[in-house]
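Trainee: Residue numbers (this note's numbering), protein chains in the order written: chain A, 1 to 341; chain B, 1 to 341; chain C, 1 to 341; chain D, 1 to 341.
What the hints contain is simulated information worked out from the structure, not anything from laboratory work.
Keep in mind the model is a prediction, meaning the values are calculated, not measured.
It is possible that part of the hints are untrue.
As the list claims (entries may be wrong) - Not everything, but these chain A residues come out facing chain B in the computed CB check (under 8 Å):
| # | residue |
| --- | --- |
| 1 | 6 |
| 2 | 87 |
| 3 | 239 |
| 4 | 262 |
| 5 | 263 |
| 6 | 269 |
| 7 | 274 |
| 8 | 275 |
| 9 | 276 |
| 10 | 279 |
In this text, a Cβ means the ideal position worked out from N, Cα and C, and glycines have one as well.
There are 4 protein chains.
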Amino acid sequence: MTAEQLKVALIGAGRIGRLHARHLTTRIPRVRLLAVADACLEAAESCAREYGIARYCPDYREVLADPQVEAVLVCSPTSTHARLIEEAAHAGKHVFCEKPLALDLQAIDQALAAVERAGVKLQIGFNRRFDANFRRVRQAVEQGEIGLPLMLHITSRDPAPPPVDYLRVSGGLFLDMTIHDFDMARFLLASEVEEVFALAHSLNEPEIAMVGDVAHAAVTLRFVNGTIATISNSRRASYGYDQRVELLGSEGSIAVDNVYPNTALISDRHGVRRDLPLPFFMERYGESFAAELQAFVEAVLDNRPVPVSGHDGRISVAIALAAQRSLLEHRPVPLREVAWM
Amino acid sequence: MTAEQLKVALIGAGRIGRLHARHLTTRIPRVRLLAVADACLEAAESCAREYGIARYCPDYREVLADPQVEAVLVCSPTSTHARLIEEAAHAGKHVFCEKPLALDLQAIDQALAAVERAGVKLQIGFNRRFDANFRRVRQAVEQGEIGLPLMLHITSRDPAPPPVDYLRVSGGLFLDMTIHDFDMARFLLASEVEEVFALAHSLNEPEIAMVGDVAHAAVTLRFVNGTIATISNSRRASYGYDQRVELLGSEGSIAVDNVYPNTALISDRHGVRRDLPLPFFMERYGESFAAELQAFVEAVLDNRPVPVSGHDGRISVAIALAAQRSLLEHRPVPLREVAWM
Amino acid sequence: MTAEQLKVALIGAGRIGRLHARHLTTRIPRVRLLAVADACLEAAESCAREYGIARYCPDYREVLADPQVEAVLVCSPTSTHARLIEEAAHAGKHVFCEKPLALDLQAIDQALAAVERAGVKLQIGFNRRFDANFRRVRQAVEQGEIGLPLMLHITSRDPAPPPVDYLRVSGGLFLDMTIHDFDMARFLLASEVEEVFALAHSLNEPEIAMVGDVAHAAVTLRFVNGTIATISNSRRASYGYDQRVELLGSEGSIAVDNVYPNTALISDRHGVRRDLPLPFFMERYGESFAAELQAFVEAVLDNRPVPVSGHDGRISVAIALAAQRSLLEHRPVPLREVAWM
Amino acid sequence: MTAEQLKVALIGAGRIGRLHARHLTTRIPRVRLLAVADACLEAAESCAREYGIARYCPDYREVLADPQVEAVLVCSPTSTHARLIEEAAHAGKHVFCEKPLALDLQAIDQALAAVERAGVKLQIGFNRRFDANFRRVRQAVEQGEIGLPLMLHITSRDPAPPPVDYLRVSGGLFLDMTIHDFDMARFLLASEVEEVFALAHSLNEPEIAMVGDVAHAAVTLRFVNGTIATISNSRRASYGYDQRVELLGSEGSIAVDNVYPNTALISDRHGVRRDLPLPFFMERYGESFAAELQAFVEAVLDNRPVPVSGHDGRISVAIALAAQRSLLEHRPVPLREVAWM
């Protein structure tokens, strides 16, 4: 069986990196995690210790130089993604990279060109595509359970905004958060976005307003095939992590709800209530994170196309940029205004 | 159209009598309510005024003597039901009578014999058979949606016990409350009860225990066709009126839930909640009360069988008596022990 | 009690007129329906016969000339609304008028001026405000259950489009159907619309496209207080009448679901299913139609403000006109562009 | 970290044994699985290969003789449980044993005495206690969310009966299947059973009837503290695995529903439906199986009491035996009739 294991290294031992380390070491038999690199050596070391990784180092170039390493997982800050992809491609490594690819299209195009030239695989971390609920929606579309898709509505809200320091470098709501929803809309409607219209505000959120970002947004997407998607975002849903989708088709509709820690309904003199949904993405999307890695490992080992391509990563950034311009200029913005397509 | 109207009188202007008066005067075109009788003249008068009834009187014999009156609704206390049915039958009036028919089988048999002799119609007020939810369960059985019925579970709980004074004359939990569930089980399983086993307690309900009644009960019914029904009763469900049914069949199951005043779900930091179900029988079963009268009026005018017969009323009392004996003697009691069948 | 009854006449004996006739004669004690007028005398006559209305006639001017009539219900085609309101006001009658007030603002302004001069009351038939579910949302806002309102999403879909002949004169999706949702958004957010952006298509609906209308629409409203509402419309939801609302506030959210004919859940080898929601507006909004008339009668008799004013009727038309222009010119349209506010 | 790992061996490499092997090797860091024994050497070998277990053998005595092994998991057929526990205890090994302990109390008493003498720990595999849903019910009781427990209803149904060959040696419905529900009732009501009444039938299940077993059962338990539990069992719920609980307390009630593979609701012209619940115990209770092992490992390593004791295992068998006698003799059977308590 050893012969079939993909040898990978992890770059970035933060929250999401450690989640991947856990899945790689316990859930996915066909992979071996050889090393972890993090500019903060303590982080790399503690990650290595916790997950029994043989080697750790502060410099990602070390793992890129290791001929044993066949693929790397890029879980470092967004500002480093494009450069790391490029270098990894030059080193002949396959790459799994967290979203967003980058905050500007030029850096992305350069990275994708390097991947192309090197002939390596690149998968982007749009994990929600692997969630059982959203897959069920996609399946309903593919199997014709709801006929021709017509209108999509995505509700995507976080329980609370990230710290202001993160907000400042996040790229803004659309690049940081809505980007998942842009990808979801493309995934479910199986068409390309033609035009974006965004409205947003920061009512009740002075801290977010102060860094020039918005807290609540409604984005409307018009697709090439004529369908429409609306997205309702919030940085602060006081009741928790709200992740739902509803798709109207010509023969029916399908809606997926939040996921709850238990099914208990409690009735007392005050009403009928249940506990809040799973609190945030680590809990809500746990399985999907494992499934996306599984798919990446299989795509590399079996030499099949990755399920989420660099192209997918690029387009979601382009839509986010168009949404930003729409908000700024207060008009619907064609996608071709911000990117060649 | 006048020629087709059934002329009725109401005996008993209490809570349930007034509800019927309202339905007769606003919801059912084929009926005319001529008179109301109540031993308490003030009650009769206020009822007459509120619903525009031409005549009111303190003595039910007056309405029985009125040749214009074709049918009476008996809404007086349970202790008078059997006698009133008998007298009404002698007077040639059709009768709609509230449940239970009486607290003992001898009085019932005498009343049913009088009805038989007079050739009038008698319908018992098991209104729940007319509720849209329970009818849907029955329809599922009839249309084979769940295959052969196998096991039934009825949840039937009141929000709070009636006053102790009422409890004393109520006949006890089984005759007063469970009687509806006994009828429902027969209605849904379309078979006859062979044997009854009852367990009950009055935990936390000293007042109920003091009058010799029980507050919470689990009754198991074995039917002639082999199926089993379990009933879960409570005099005090702190969260309100709880009225549900679940039927397992060989090809599927059907469950009906409580009915709510609205569909609102509120999510906040404490959980996801909805308002309590409709609080009690007047609200929960409002439509079914109108529908049972409608059915009675049609059965008389069109000379068709009534949907809930005196026989149905008698059997439910017999099951209640068997449940009482089972509780007392702590053993399963065959129905034939308490009544010829 | 007679002294307290409002004497009304009905103008228009079509589907909605007859529904009002039924409610007026059976559900609302403080009103008396004296006459019904319909250009089609047969319609007037059959309506009068069915609901026991003393007088019927082909010419609405007859009922306007009747000094006994204190108020009229205008249920004739939309094209006659404004003129009828004006004439009724001249005749000193209070008016209840179905929506929309008219298809152009000039006619509306003239009608409202006549009402103003005559000092009569005018209520518009936005019945959904009286629905128990939407009232519960409004109540949650008023009682602070969800904090400060931030984002509203309305789903409003019909089971099937009206006949093409009707579509031609309907004024289009926004004036005919979305107008209810515009009013609902104002009702729930308690603010005024500043700007409208509309996207729409007629995928799979060649008949609707042929008359120049759209079948599916997503409308985004920006309110003066900064909040945002999105509306998802469809002329054809294959699964039936879909009427839901979801409101996000700073302290929580509230969502109302469709209303079902029963609560039954059937589980079999194919899945867990329930029957479709109530099929269309007559069933779904039955109670709200009675409640709006009740409110109108009380407002007149007790000389209190009507709950839905001519102003409300005018603004919803203005929003619809702005939505039309937005769709045509493909840009967000400020409401002040189409109407003085 | 090595010092803290419990060294265990697995006896029995069937379906449940392999599930435990998977959890031990991937989910529980504080354990090391040294060996697997199965009378069928091929089973032992394939299990060892799949989960990377160093040693496998056909004879459990080999692992009991291994001084490195500190604890064993008994996953062999029920008929061997008691003897294996006894021998393992003699060998000084802690034991985790699948349910039921045995089919007769004498064998159990002997095994428990051996455990007592040896001073080792014994945990029984009532995994459902570790399910998030049932734990939530227990938590509600412990935290007083529903006040004093009064009435419990357990629905516990399998999607289809096991093969007839298994049915013959299963010990019958009560010992094989209801035994989980007996334990659940004790777990949730935190009291002991005083008396058992059972009704059952095999309608539509000639194969089950032929081996002398029953297919559908309703069992009523009376507890020492006065509370009542009813259990509704079926060997064949055509719609899948049905595992629910509902507990009425003096201040409220709590109900837990089935668990579904996704949250999707599909609406089309036929109704509103969702996919079936998770199909069987491997899927439905996956997490709870991992959690019970986790708890066992911690109890041994940290020398704390096991959460499910041999006593718990013994009582559930006693209740099952009382249920069998109740069914046979058609009367409520006190638990003390079948076992000293």
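Trainee: Per the CB criterion, is residue 262 of chain A less than 8 Å away from chain B?
Mentor: 12 Å, violated
Trainee: Would the hint on residue 263 of chain A stand, with a C-beta cut-off of 8 Å toward chain B?
Mentor: 12 Å, violated
Trainee: Holds or violated: is the Cβ of residue 279 of chain A closer than 8 Å to a Cβ in chain B?
Mentor: Check failed: Cβ of residue 279 of chain A comes no nearer than 11 Å to chain B, outside 8 Å.
Trainee: Identify whether the interface hint at residue 6 of chain A stands, where standing means a beta carbon of chain B within less than 8 Å of its own.
Mentor: 42 Å, violated
Trainee: Restraint: residue 269 of chain A near chain B, CB-CB cut 8 Å. Satisfied or not?
Mentor: It holds, given that the least Cβ distance between residue 269 of chain A and chain B is near 5 Å, below 8 Å.
Trainee: Any CB of chain B closer than 8 Å to the CB of residue 274 of chain A?
Mentor: Cβ of residue 274 of chain A sits 5 Å from chain B, so the hint holds.
Trainee: So, residue 275 of chain A near chain B? Judge it on the closest CB pair being under 8 Å.
Mentor: 6 Å, holds
Trainee: Does residue 87 of chain A meet its interface restraint, that is, does its C-beta lie within less than 8 Å of any C-beta in chain B?
Mentor: Result: violated, 45 Å to nearest chain B Cβ.
Trainee: Would you check whether residue 239 of chain A satisfies its interface hint, that is, whether its CB is within less than 8 Å of any CB in chain B?
Mentor: 4 Å, holds
Trainee: With 8 Å as the cut and Cβ atoms as the points, is residue 276 of chain A at the interface with chain B?
Mentor: Since the shortest Cβ distance to chain B is 6 Å, the answer is holds.
Hints 1, 2, 4, 5 and 10, counting from the list given before, are not met by this structure.
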